[in-house]
Structures are given as structure tokens and as C-alpha cells.
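Chains A and B, in that order, are what the protein sequence lines are.
For the record, in the first sequence the residue sitting at position 161 is 358 according to this note's numbering, with numbers rising by one throughout.
For the record, in the second sequence the residue sitting at position 293 is 490 according to this note's numbering, with numbers rising by one throughout.
Mixed in with the good hints, there may be bad ones.
A pair counts as met if it fits within one copy or between any two copies, since identical chains are not told apart.
What the hints assert, rightly or not - Here are the simulated SDA-like pairs of lysine to any residue, each with C-alpha atoms no more than 25 Å apart in a straight line:
hint: 1; residue 1: Lys493; residue 2: Gly480
hint: 2; residue 1: Lys357; residue 2: Ala241
hint: 3; residue 1: Lys447; residue 2: Pro331
hint: 4; residue 1: Lys357; residue 2: Ile218
hint: 5; residue 1: Lys246; residue 2: Ala349
hint: 6; residue 1: Lys246; residue 2: Asp460
hint: 7; residue 1: Lys201; residue 2: Lys455
hint: 8; residue 1: Lys201; residue 2: Ile444
hint: 9; residue 1: Lys357; residue 2: Met436
hint: 10; residue 1: Lys447; residue 2: Ala484
hint: 11; residue 1: Lys201; residue 2: Ala496
hint: 12; residue 1: Lys357; residue 2: Arg212
hint: 13; residue 1: Lys455; residue 2: Pro350
hint: 14; residue 1: Lys357; residue 2: Ala321
hint: 15; residue 1: Lys201; residue 2: Tyr459
hint: 16; residue 1: Lys357; residue 2: Pro239
hint: 17; residue 1: Lys493; residue 2: Ser358
hint: 18; residue 1: Lys493; residue 2: Arg332
hint: 19; residue 1: Lys357; residue 2: Thr233
hint: 20; residue 1: Lys447; residue 2: His383
hint: 21; residue 1: Lys201; residue 2: Lys493
If you're looking for bench data, these hints aren't it; they were derived computationally from the structure.
Number of protein chains: 2
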Amino acid sequence: MLDKHVTLAHGNGGRYMHELIAEVFARHLANPALDTSLDAAPFALPGGKVPVVTTDGFTVRPLEFPGGDIGSLAVNGTVNDLAVSGAEPMLLTLNAIIEEGLEMACLDRIVASLGRAARAAGVAVVAGDTKVVPRGQGGGLYLATTGIGVRAPDCSLGMKSIRPGDVVLVSGSVGDHGVAVMLARHEFEMKGALASDCAPVTALALPVAGLAGLRFMRDPTRGGVATVAHEIAAASGLMLRLSEAAIPVKDSVRSVCKMMGYDPYYLASEGRVVAVAAPEAAGRILASWRSLDEGKAAAAIGVIAAGRAGVILETEIGGERLLEELEDDPLPRIC
Amino acid sequence: MLDKHVTLAHGNGGRYMHELIAEVFARHLANPALDTSLDAAPFALPGGKVPVVTTDGFTVRPLEFPGGDIGSLAVNGTVNDLAVSGAEPMLLTLNAIIEEGLEMACLDRIVASLGRAARAAGVAVVAGDTKVVPRGQGGGLYLATTGIGVRAPDCSLGMKSIRPGDVVLVSGSVGDHGVAVMLARHEFEMKGALASDCAPVTALALPVAGLAGLRFMRDPTRGGVATVAHEIAAASGLMLRLSEAAIPVKDSVRSVCKMMGYDPYYLASEGRVVAVAAPEAAGRILASWRSLDEGKAAAAIGVIAAGRAGVILETEIGGERLLEELEDDPLPRIC
């Protein structure tokens with residue numbers, strides 16, 4: 198029988214820790230490849246493919262928010278880094294850094310959600326570790342996940358292949374996650390109207406990953422679409438011209454941003470894909486995305502131009518403004 | 198030019214974060230497989246072997262202590278979980294959860310140390326992520342690492358194969374790390390006399406991993422040798438009889454433990470191996486260990502007996518006492 202709150206003894210390697218691992222982690226994450234008695238877990242990957250690995254830390258606050266929680270976020274964030282690289286996600290490892298005093302029921306809900314998200318994304322959690330830190334030295338719960346997947350040997354996605362004339366695409370509305378988390382921190386009345394877009398992007402990314410003319414994909418998480426645009430500009434040395442009218446932003450997200458003084462282009466999405474593609478491939482990618490529920494709002498939002506590296510937003514009233522690189526932090530602990 | 202302290206803006210995905218990653222992480226961890234512009238990194242493993250994966254979180258306090266720091270600890274802790282599984286460590290991923298206000302020079306020293314430890318252990322850091330959490334919601338720096346290695350297909354190490362008559366071995370003195378960290382937290386006069394044993398155990402573990410008669414290896418980190426003994430007892434259903442006179446404990450460790458009321462058998466070592474082997478293999482393992490500087494104090498410390506699962510310590514004065522399973526936390530944030 199577990200305590201009502203996590204204590205330091207749940208992290209010491211002894212009986213309490215084994216109970217916590219058995220009754221919370223192993224129970225919700227059970228799969229044939231998970232054996233919590235091992236120091237290292239064997240795994241197998243399909244032959245003829247290239248293995249890829251990615252890792253991500255999660256410090257979102259609050260731990261639970263409309264549309265998700267730190268558990269589903271950790272799975273989807275890691276799965277999505279594999280998917281936008283053209284890789285099929287296969288397995289995950291999980292680190293939990295738990296703050297003394299965290300409600301056991303909250304931890305249980307989050308690990309259960311993490312397990313559901315992993316099953317939904319088709320990945321097995323094969324190894325894990327838990328640490329408990331003293332009260333006042335944590336944020337309730339921090340997670341770190343590493344994901345392993347495989348991609349086709351001829352996959353050549355990368356920012357370096359981007360060239361002038363290419364089209365910038367996004368698979369759905371931007372900023373939903375950032376706004377949902379921000380509202381969940383406060384007692385705003387409109388909270389109910391908004392949910393995070395936290396979801397796997399596997400079904401969006403993998404069917405188009407091998408398409409000739411697709412140059413690059415990335416999920417616009419920390420720093421949002423504007424930050425992905427800046428990363429592309431910096432790596433390619435080219436100019437991105439984005440069209441404000443074309444970037445899908447939900448009315449509810451737009452009005453919260455107006456009220457709070459945030460720019461939605463800098464806010465995280467956790468279930469979207471930004472892609473850059475040659476013009477002849479862009480239409481096929483949009484058609485593929487729009488055939489899915491999560492891709493109904495997919496749009497071409499800009500073009501790659503020659504000229505000085507940078508990001509310009511063509512405004513709805515016909516002007517243009519520089520989308521600056523993010524310097525100050527608009528929203529700490531959002532992912 | 199980096200700030201003197203880490204700020205929240207170093208975690209937001211924008212310019213400051215890119216600078217932090219380039220000037221601290223990418224600089225110290227540079228290797229041909231590390232490309233910080235990728236969402237997921239391709240990797241290759243030697244053919245004909247079984248890939249294995251392990252993961253570990255690190256929350257030690259203070260961040261730097263005699264004999265190591267959280268950076269070298271993270272590399273060696275993860276490398277050692279692979280090595281005791283009979284696997285050659287190949288690559289690592291790294292998560293850093295940094296508390297706002299951490300001195301940049303301290304972070305730099307730790308990442309530099311992590312890089313040195315990785316090179317010494319022959320592993321490449323191929324992917325990473327950094328998050329910055331607000332002041333008062335972290336412990337300076339938490340790290341989480343995942344390690345991937347390969348082992349021989351016929352490697353069958355595991356607690357299940359342990360049987361009565363087997364011998365329990367340890368590769369060196371126990372409790373050094375636990376005592377070094379505990380003293381580093383306080384201003385004890387004798388601090389200088391003790392250092393952590395933090396080190397890779399690859400040279401100890403791998404040469405014996407394929408030996409017939411070796412059943413199982415584990416590094417006695419959290420909870421120490423007593424906790425490994427309990428894990429063996431629980432998994433095998435057998436009794437471990439350990440000999441107090443045979444367990445190597447440094448005089449300095451013993452006297453600090455006496456003074457502070459700790460039992461050295463429950464204190465973490467971070468560069469030792471506990472092994473269980475058939476009697477005919479035990480001598481060869483000890484000889485292999487003792488041929489190395491780090492294995493000079495290797496010893497046979499007990500035997501596996503039939504009877505009720507548990508751990509008994511035969512005391513130096515000829516009595517015996519139960520080594521209980523750890524319940525209370527003797528030393529939080531020790532690894």
C-alpha cells in the first residue's frame with residue numbers, strides 16, 4: 198500500500214522505491230520488453246533501416262492541463278522528434294525526477310497517461326529510472342525521455358537541402374499548447390475553451406517522409422513556428438517570408454494572445470508539423486495532411502526566398518515586419 | 198558572450214538557448230556523431246551483437262565533490278549499467294534540467310568534466326536537451342542520461358541463474374562515494390581524506406562478462422552493497438551470507454560511518470562491481486580484477502545459501518545479524 202505522498206524514502210533504492218516502481222511505473226507501463234530488474238534492457242530493431250535516437254526533458258507546469266499532462270507530453274514530444282526525422286518510433290526510456298510531497302494519486306494519473314500515450318504511439322518503454330529530490334528542490338515532477346526509432350536508409354531530410362522557391366507548410370493551428378498551459382496556470386474564465394494540441398504526429402509525418410521534394414520537417418514546440426523559421430534561416434542562410442493571413446491560429450488562441458500580449462507565432466504547439474518542400478511536392482503533402490482529422494487546417498504559410506537570412510511576416514493589412522529571434526522568455530516551463 | 202548565471206531565457210528555444218548549447222554543451226561534448234541541429238541523430242552499431250539500452254537520473258548534491266561531479270557521475274553511472282550487463286558502451290544521450298541562477302562557470306566545469314568522462318569511457322554523446330526551470334524549483338542541475346551499448350548474443354547474465362554455493366564478489370572498497378558526498382555537504386575537517394570512487398567499471402566488467410560460471414553483475418550505487426544483496430535475494434529466493442571481515446571498507450570510510458551513525462554497506466559506490474559466480478569461476482574473476490589498479494582490493498565477500506530469502510551479515514566477532522532492506526533514506530540526493 199503506497200503512501201499518499203511521495204517521500205524521500207521512495208528514492209533510496211530500498212523497499213519503498215521498489216514498491217513505487219512496481220505499483221506505479223511497472224504497472225502502467227507494462228509491456229513484454231520491460232523488465233525492471235535489469236540494469237540495461239536488450240532491444241531489437243528491424244533490419245535494413247538506420248537507427249536514430251532523440252532525447253527531451255519535460256518541466257511543464259502545471260503537471261496536468263487541458264488536453265494533456267506531462268506524461269502524454271513526454272511521450273508525444275519524443276515520438277514527434279523521431280517522426281519529423283522520418284523515423285518510425287520504436288521504444289522509449291523514461292527518467293522521473295519526483296519532488297518529495299508530490300501526491301501519489303497525481304503521479305499515478307500521470308504515469309497512467311504516459312502509458313496510454315505510449316501505447317497509442319506504438320512505442321514500448323523498455324528502461325526507466327526514478328529519483329526523489331527534497332521538497333523545494335523540484336517542480337513536482339520532471340521527466341526526461343529518450344526515444345529510439347528507425348528510418349529508411351535513403352532518408353535525406355535536413356535543413357541544408359532547403360532552397361529558394363521552396364514552400365513552408367504547417368499541419369494545423371499554432372500556439373494551442375502554449376495558450377492552454379498558460380491558462381491552466383491561472384484561473385481565467387475562458388480556460389475551458391482551449392486545449393493543448395499535444396498528440397503524436399506520426400500519421401502526419403511518416404506517410405510524406407519519403408516524398409521527393411520534401412526537404413525538412415520539425416515540430417514547432419519551444420519557441421513556436423517563429424523559432425523553427427529562425428532555425429531554418431540560420432541553417433540555410435535564406436529568407437523566410439511567412440504570410441500572417443495564411444498561418445492558422447484559432448480565434449480563441451488569437452484573442453487570449455491579444456489580451457495577454459503574446460505573439461502566437463512564438464507559442465509552442467505539441468502536435469503539429471512544420472515542413473519545407475519544393476512547390477511540386479507541397480500540394481501532395483497538404484493533401485495527405487488534410488485527409489487526416491489532425492491535418493484539416495493544414496496550410497501553406499510562406500515561401501523561402503533568396504536574400505539575407507531572416508524571417509519576415511507579411512501582415513494581413515499588406516505591410517511586413519521582421520519576426521525577431523526569441524530573446525526574452527515568454528512562458529517558462531511550458532514543455 | 199554568455200551571462201554569468203543561467204537565466205530563464207537560456208531555456209526558451211531562442212538565441213540565448215542556442216548560445217548556451219553551442220558554447221557550453223556542443224563545445225565540451227563535440228564528437229563526429231553530435232549535430233545539435235538535428236531532432237534525432239542517426240547511429241550505427243556493430244553487427245552480430247545485441248543492442249541494449251539503460252537510463253539513469255542524477256540529482257547529487259553538492260554538484261561537485263571530491264573525486265567527481267554530477268557530470269562524471271552521470272557518464273560513469275550510465276556506462277556502468279551497460280558494463281555490468283556485459284555490454285560495451287557505445288553512445289549516450291544527455292538531458293540537463295538547469296535551475297535559473299546556476300553559475301555559468303559551474304555549469305561549464307561540469308559539462309567539461311562530463312565530456313572528459315565520456316571520452317575516457319569511449320562513448321559519444323549523440324543527442325541532448327536542455328531545460329531551464331525557475332529559481333527554487335530545481336537543485337542547481339539535474340542530469341538524465343540514456344546509454345546504448347552492444348553485447349554478445351550469447352550473454353546470459355541474470356539474477357535468475359544464481360544458485361546455492363555461488364560466491365559473492367566485490368571489486369573494491371564500498372561506500373567511498375556515499376561518504377565523500379556526505380562530507381562534501383558539510384564542512385568536516387576530514388573532507389580531504391576521502392574521495393568518491395566514481396569511475397567507469399568497463400575494464401573490470403567486460404573481460405569477465407563472457408566467463409562460464411559468472412552469473413550476474415551489478416554496480417552497488419543507490420542503497421549500496423546491502424541493497425544489491427537484497428535484490429539478489431528477492432529475485433533468486435535464496436539467502437546471502439556476507440562476511441563483515443571480508444567486505445573491503447576503507448578505514449577512513451569506516452570511521453566517518455561510525456561517527457555519523459551510518460552503515461557503510463548501505464552507502465553508494467560509483468566505481469565498483471558486485472558479482473555472483475560459481476566457485477570455480479570466482480578465482481579467475483578475482484585474479485582479473487586484482488590485475489587492475491581499480492581492482493586491487495577485490496574480495497570474495499559471501500556465499501549464496503539455500504533457505505529463506507534474505508541477507509545475513511556474519512560479524513567480525515563471530516555473531517550474525519540480518520542486513521535489513523533499506524527503508525528510511527540515509528542520504529538523499531547522493532547520486
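Here is what the structure says about each hint:
no. : hint            : in the structure
1   : Lys493 / Gly480 : within (14 Å within a copy, 68 Å between copies)
2   : Lys357 / Ala241 : between (31 Å within a copy, 22 Å between copies)
3   : Lys447 / Pro331 : neither (41 Å within a copy, 29 Å between copies)
4   : Lys357 / Ile218 : between (44 Å within a copy, 20 Å between copies)
5   : Lys246 / Ala349 : both (5 Å within a copy, 21 Å between copies)
6   : Lys246 / Asp460 : neither (40 Å within a copy, 50 Å between copies)
7   : Lys201 / Lys455 : neither (41 Å within a copy, 34 Å between copies)
8   : Lys201 / Ile444 : neither (46 Å within a copy, 38 Å between copies)
9   : Lys357 / Met436 : within (14 Å within a copy, 61 Å between copies)
10  : Lys447 / Ala484 : within (21 Å within a copy, 69 Å between copies)
11  : Lys201 / Ala496 : neither (48 Å within a copy, 43 Å between copies)
12  : Lys357 / Arg212 : between (52 Å within a copy, 20 Å between copies)
13  : Lys455 / Pro350 : neither (46 Å within a copy, 60 Å between copies)
14  : Lys357 / Ala321 : between (32 Å within a copy, 24 Å between copies)
15  : Lys201 / Tyr459 : neither (39 Å within a copy, 28 Å between copies)
16  : Lys357 / Pro239 : between (35 Å within a copy, 16 Å between copies)
17  : Lys493 / Ser358 : neither (27 Å within a copy, 55 Å between copies)
18  : Lys493 / Arg332 : neither (44 Å within a copy, 41 Å between copies)
19  : Lys357 / Thr233 : between (41 Å within a copy, 14 Å between copies)
20  : Lys447 / His383 : within (20 Å within a copy, 55 Å between copies)
21  : Lys201 / Lys493 : neither (43 Å within a copy, 46 Å between copies)
Hints 3, 6, 7, 8, 11, 13, 15, 17, 18 and 21 from the earlier list are contradicted by this structure; the remaining hints agree with it.
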